[in-house]
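S.K.: Okay, here's what each chain looks like letter by letter:
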Amino acid sequence: MTSNALTPGIVAGRLPADQLSDNFSDLHPPLDDHEALVAADRCYFCHDAPCATACPTDIDIPLFIRQIATGTPEAAAKTILSQNILGGMCARVCPTETLCEQVCVRETAEGKPVTIGNLQRYATDTLMAAGVHPFKRAAETGKKIAVVGAGPAGLSCAHRLAMKGHDVIVYDARPKAGGLNEYGIASYKSVGGFAAKEVDWLLQIGGITVENGQSLGNGLSLDKLKADHDAVFLAIGLPGVNALNVEGEGKDGVLDAVDFISDLRQASDVASVEIGRDVVVIGGGMTAVDAAVQAKLLGALNVSLVYRRGRDRMNASVFEQDLAASKGVRIITNASPKEVIGNGAVREIEFEYTDDDLSPTGQTFRLAADQVFKAIGQTLGGSELPDLERGKIAVTGAGRTSIEGVWAGGDCAAGGEDLTVTAVAEGRDAAEDIHATLMA
Amino acid sequence: MANLASDFIGIKSPNPFWLASAPPTDKEYNVRRAFEAGWGGVVWKTLGSEGPPVVNVNGPRYGAIWGADRRLLGLNNIELITDRSLEVNLREIKSVKRDYPDRALIISLMVPCDEDSWSDILKRIEDTGADGVELNFGCPHGMAERGMGAAVGQVPEYIEMVTRWVKKHSRMPCIVKLTPNITDVRKPAEAALRGGADAVSLINTINSITSVDLDDFAPEPTIDGKGTHGGYCGPAVKPIALNMVAEIARNPETANLPMSGIGGVTTWRDAAEFMALGAGNVQVCTAAMTYGFKVVQEMISGLSDYMDRKGFTSTSELVGRAVPNVTDWQYLNLNYVTKAKIDEDACIKCGRCYAACEDTSHQAIDMSEDRVFSVKDEECVACNLCVNVCPIEGCITMERVAPGQLDQRTGKVVPEEYGNWLEHPNNPGNTCAAE
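Protein chains in written order, with this note's numbering: chain A, 1 to 440; chain B, 1001 to 1435.
Next up, chain B with everything else stripped away, as it sits in the complex:
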């Protein structure tokens, strides 16, 4: 079994699976159960300033979307930061860390945007024994209206300023949690780096309305006839999160900035994908909220088996391994030609590939009287839609047309050499071709 021990900006944990700052990490009882179940670390639910704690709504605070068989695909919430007193939280953090010295315990923080508030809270958490702090610049609802959370995270200058305060008033490792509710995630990441952040974590939740009650005409979750946007998370947001992680990883400015990957991690495979795109570890919330803490056991066994298969002895061998292969569209090889191929033996004859191709794509699939489906190579542009809509995994594959062979669609021989848009004769910016 591969060693999953993780060292993230000097914070050690037995595995790279942390629970994100969220309802599952709001109190000692849950966190102890999480550690017993095997989680490598926990980011404690966000603490606010001393004084009367925030209050939450007393109606429903989560909304969801589902896939087939009501499998939860996306969850949104309008919960705020911890609504328990600072003193109680600090006492519990200290108690848990004392009993689980080998696990990572990070404290998430969100206080008003002034230096005194930050220096004060940092002093208060100093003797908890926690391993680091995570700055919550992402919470998209409630707190943002009070000038905190996403209100800070959407302004790179504020991120830099607050991060600088934190590094000035604390020696703890500092992770800046980024909001995805921006246009270019590289800007807040660069700001965090300038402010002295040791790492960033992303993504926080996405502004969302999950559904509308069509009788009451109100967004859900509905509180007394009204609703508000919440933060969206779960499997549905993973593709967005993966892209943002990759954007930071391949940005020269932030290429060496450690990242903690967050967003829909549900299985070992999701975690491995985040790590391959540059995340040093991952944080999980929705999977635990859906299935309980035990899910981490599959993540541990799955990632370990995968690393054994690959011959990786440390998670660091996986981290960032896919980053060099993330590129811009303009660098993709236009001379790489594939065609869909349908395995007749595996085909169950549902005809979804045919409907998709015939109605919405390139009319490249033929359907015989007796429902045999085959690809017309002379029409197939290799779009992959048939592969994506086929219910049988592996039934339709993309097969490469080897260089030197004829592409029946274009009537041209597939070139041996790499050729991208920049060099393409149709590119108006390609002066070489015009000359």
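Okay, chain A solo, but in the shape it has when bound:
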């Protein structure tokens, strides 16, 4: 197949294999020992450190960095993983520039924070490469808990419960565990099958059974789960995708960004993934950026990311926006889609400029498009759920829902940012609460 950037339509192999391989290599290459020591030396070991306060999982960052600096990265990893069992993935995907690294006093002093994310990866990679799982199960309690959803919240909850001696069955709709870690993150953030390796490593704790291909309404019912288990933790994510609600949305070539990202992650060879020549991504969050950047990396000629509000309102961090711009993605703000145009398949998409209140201005423009990715948010959906609050499962305290014996966490639960690290924290805290409740 001899495609290139100019080939019209949606085709695979726009770039030579070696360039594709470069494009989809690690976004932040791992630190080697020397780099890690140099980076760790910059940490001031702050009192009541702002970085640790900013971390949703409360990792003792100064301590783990000091452990790296003193040549004990395995101890550093244990410090990390005792708070955040998915510390390896979080080191790769956390928006550290808006969390720990944003408040690093070195950022205040010099505009260059200690590279906490890279250091966390160094520590956790070192431990995992050694094949060590540093936690042991407590004596078995005989309690059985169902976790629905094997994403970050579910896995975090399952691990903590297993550690406490409970038996955990994790149900997941997809063929592989990992949730968004496996299916929903740009490939260059988690290379080498890391998500799956991390799940395998996590399961070494023992006491956790994963059952794939089952979800609420598809083989599972909440009532039955409740009846068969001592507690239930819902971590079902947001499986639905918001629609554009514009004319022509059903035309060929108009796709959900999450599906594109997932297909790319699961592709055995990125060269086999098809991409349009003129790609338009609609949305302003991390999913939109992940889709736009990867479209460009696959060799699309023109990639536009169109967001209905201003740049400052985008959910994607400034780092992500800059990453997109550096890869050649054109970011258009204050524009809403009006109509998808084309005969069967999309050919163009019309936008209207909006002001900051999203009021239409009457000025329109069209972008050529043979592929459109929708990334304007995801929805919960489903029936038989506990009470909702603004479209998500309402929770109080550590994830308690309106139904006794049922907890929820992660993206499906109200409150907190939709971040991997937040999901891990919520899963862990719910596990502690479940444990306290069951053992009371």
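Hints may be right or wrong, so weigh each one.
As the list claims (entries may be wrong) - Okay, the calculated bits of chain B under chain A, using three or more residues with CB under 8 Å as the criterion:
hint, stretch
1, 1067-1080
2, 1341-1352
Stated by the list, open to error - Here are some chain A residues pointing at chain B (derived, C-beta under 10 Å):
hint, residue
3, Tyr44
4, Cys46
5, Lys327
6, Arg330
Unchecked claim - Ranges between beta-carbon positions, derived for each pair:
hint, chain 1, residue 1, chain 2, residue 2, range
7, B, Asp1345, A, Asn218, 43 to 53 Å
8, A, Asp33, B, Tyr1029, 49 to 59 Å
9, B, Arg1084, A, Ser326, 42 to 52 Å
10, A, Glu35, B, Glu1393, 25 to 35 Å
To be clear, the hints were calculated from the coordinates, so they are not data collected in a lab. The beta carbon of each residue, even a glycine, is placed where N, CA and C say it ideally should be.
Based on the hints, put chain B in the right spot on chain A.
M.R.: Relative to chain A, chain B alone:
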């Protein structure tokens, strides 16, 4: 640019920066490169008696400690005196001095503790054209076990005796190099003076073990599973050296004894500090061994700029300038009261001052919910620890509470007059107060 020309006990050099007797000065090749780089003088690596030269170990001879980013802070060595033949060294010294007549070239010596050995070596070096000799009474390892080096330097009577021999058998200026591995550095300095020394140089290296291999359980550097103490030098030893230089400078017996300052000199500022405490010049080794000979260029420009800023036209105006201000604790003014002050704009909110004060000192720093750090004047004893642990230079300063103002910690007005421990009512020896 200030004139850095130096005259040390009659030995002239274009600047006060000499390379100390050590590996960098072991042979003609290095010394020529050093002079080309700008060093004012060189103390040639210690020569021994005629005959088969000493041998060195064939495993590692240096150990080190490091600061952040592996910056070398301290170096120790178990190297001995020159392991090249006396004839070769003498020929090279003569050749170098002939080509660099404006640079100082001193020969370091260490021979067995008998008069014949010393008179013999002094005769052998006479026609090299060297400007002086330095007696190595400091080497702490290897040679000391053979009754030389520190074995002499630790016994004032031996220092005096050997110095007297040297002055008797040579007309060359004589510098006695002192070991810090003693309890009171004034005693060997006084002995050197009694023996007729023209100057002392200090400090030689400090007995040390830099680290222990925790797998092989042996000190480093490790030779076939064993290690021995070595001589410690580099930036880490500077404070020890400065104190010893000051001790000699303010001792009435030795106040006029010229000193060559040695110990961790790395920058122009280090050199200026040694000189302010009474050293007529400085000798450098570790900085050159770490960064190469070129470091002298920063020392030259830095000291020169400093002297220009101060209006000094000669290094002699700097030498000894801080000596009158070195005193005993008992004479410090107890009525001088300061309080720490944190510059909120400069503060990066790391909280190290808080941790240090709260955990280990006087609980005198307050931390607000939003990480604003401020000093509680009613608790602050002005210890300076917060200043020392703050990563931002100038962020925390010590501000004087002016006489006449209230010290909120003691609840007393700060007196106008000087008052020291000798006059303090709590001093049991203060009979005036008791009467």
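S.K.: So, for every hint listed, does it hold in this structure?
M.R.: Tested hints:
1. Figure legend: the stretch 1067-1080 of chain B, annotated as covered by chain A; annotation consistent (3 residues with Cβ-Cβ distances under 8 Å, at least 3 required).
2. Counting residues of the stretch 1341-1352 of chain B whose beta carbon lies closer than 8 Å to any beta carbon of chain A gives 5, which reaches the threshold of three, so the coverage claim holds.
3. For tyrosine 44 of chain A, the suggested interface contact is upheld, since its CB lies about 5 Å from the closest CB of chain B, less than 10 Å.
4. Interface restraint check: cysteine 46 of chain A against chain B, minimum CB-CB distance 4 Å, threshold 10 Å, status holds.
5. Annotation: lysine 327 of chain A was flagged as interfacial toward chain B, and the flag is violated, the nearest CB pair being 33 Å apart, outside 10 Å.
6. Hint on arginine 330 of chain A is violated. Least Cβ distance to chain B is approximately 37 Å, over the 10 Å limit.
7. Between aspartate 1345 of chain B and asparagine 218 of chain A the CB atoms are about 60 Å apart, so this pair departs from the stated range of 43 to 53 Å.
8. Between aspartate 33 of chain A and tyrosine 1029 of chain B the beta carbon distance is about 36 Å. The supplied range of 49 to 59 Å is therefore violated.
9. The supplied range of 42 to 52 Å is broken by arginine 1084 of chain B and serine 326 of chain A, whose beta-carbon atoms lie about 59 Å from each other.
10. The supplied range of 25 to 35 Å is met by glutamate 35 of chain A and glutamate 1393 of chain B, whose beta-carbon atoms lie about 27 Å from each other.
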